[in-house]
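Residue numbers (my numbering), protein chains in the order written: chain C, 1 to 87; chain E, 1 to 87; chain U, 1 to 87; chain G, 1 to 87.
Simulated from the structure, these hints should not be mistaken for laboratory data. Please note that the accuracy of each hint is not assured.
All copies of an identical chain are treated as equivalent in the list; a pair is satisfied when it fits inside any one copy or across any two copies.
Think about it this way: if two alpha-carbon atoms lie no more than 20 Å apart in a straight line, the pair counts; the simulated PhoX-like pairs of lysine-lysine are [stated by the list, open to error]:
(1) K13 to K84
(2) K24 to K87
(3) K87 to K7
(4) K84 to K24
(5) K24 to K7
Below are the chains, spelled out letter by letter.
There are 4 protein chains.
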Amino acid sequence: MMADRAKVSRLLKTARGQLDGILKMVEEDRYCIDISQQLMATEALLNRVNREVLSAHLRGCVQQAVTAEDREEKVEELVAALDKILK
Amino acid sequence: MMADRAKVSRLLKTARGQLDGILKMVEEDRYCIDISQQLMATEALLNRVNREVLSAHLRGCVQQAVTAEDREEKVEELVAALDKILK
Amino acid sequence: MMADRAKVSRLLKTARGQLDGILKMVEEDRYCIDISQQLMATEALLNRVNREVLSAHLRGCVQQAVTAEDREEKVEELVAALDKILK
Amino acid sequence: MMADRAKVSRLLKTARGQLDGILKMVEEDRYCIDISQQLMATEALLNRVNREVLSAHLRGCVQQAVTAEDREEKVEELVAALDKILK
């Protein structure tokens with residue numbers, strides 16, 4: 001992975017802490033709307049991590065794809081990723 | 001919360017397991033594109049949980065909002081939730 | 001429709017004007033990234049219209065669902081809409 | 001633009017036809033939920049066009065970025081596009 005590993009790990013641990021919090025909210029039978037908001041906050045955080053990972057990938061692996069074959073492989077991976085992101 | 005608590009807890013625990021897996025992938029310096037795909041899979045799962053929670057809320061709390069005041073409160077909460085979902 | 005009809009029409013006409021602009025960009029063989037940005041701007045505008053329409057629906061039709069049967073019908077429509085929005 | 005121009009134009013014209021249909025629904029005061037569904041269908045179509053445009057960009061412009069300078073420029077454009085897509 002090309003992204004800043006310490007930063008990505010830290011964000012993922014925050015997301016895991018949020019998930020633990022949501023599980024507790026569910027067990028304590030908290031209000032649906034509050035649980036929904038926390039779920040969306042965690043999704044937004046994972047989305048931010050994904051942005052970090054993909055930006056670093058572009059700036060690292062794609063930038064360094066010197067041969068046409070290398071670039072073709074990276075491009076096809078990005079097309080597949082985009083198909084999922086923009087589904 | 002009006003949703004099936006056992007089901008929601010089970011899905012959230014699956015998401016937490018996936019997050020632990022992603023943290024391990026980051027520590028093992030796995031390929032960016034593979035990490036990105038796992039992140040999107042976990043986001044999709046949390047999105048599914050959110051759907052469960054909000055559907056149950058609609059079928060429970062909103063359905064049971066007998067007075068106009070009750071309905072107004074529920075409606076304003078849903079408008080605020082929609083603003084976040086459709087941002 | 002419960003939303004402000006003049007406002008919704010005006011936003012939709014703006015979106016149609018943007019689409020005409022994008023069609024022209026395609027015919028003039030403009031740069032992909034610029035076309036992509038305009039497409040996303042139009043999607044964001046339609047998303048805003050959808051928010052207007054659904055908020056007004058909640059504040060109008062759902063608020064006025066006095067009988068349990070009425071509410072059940074509205075609730076099931078909203079559950080179906082949410083399933084599409086959160087897919 | 002690297003994408004198939006005839007295909008992209010055809011899809012955009014379909015989207016414009018859908019928008020005209022939605023404007024007519026608004027003028028005819030049709031049901032909010034039906035208008036919302038049509039809005040989401042048009043957004044999904046524009047999203048598909050965006051996917052076409054960006055995939056063709058990757059397979060065209062990025063694939064042909066032979067020099068490091070070229071690649072850097074393309075990569076920074078893609079990072080900016082991703083930031084919007086994953087916002």
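Which hint numbers doesn't this structure obey? Checked against the structure, the hints that fail are numbers 1, 2 and 4, while the rest are satisfied.
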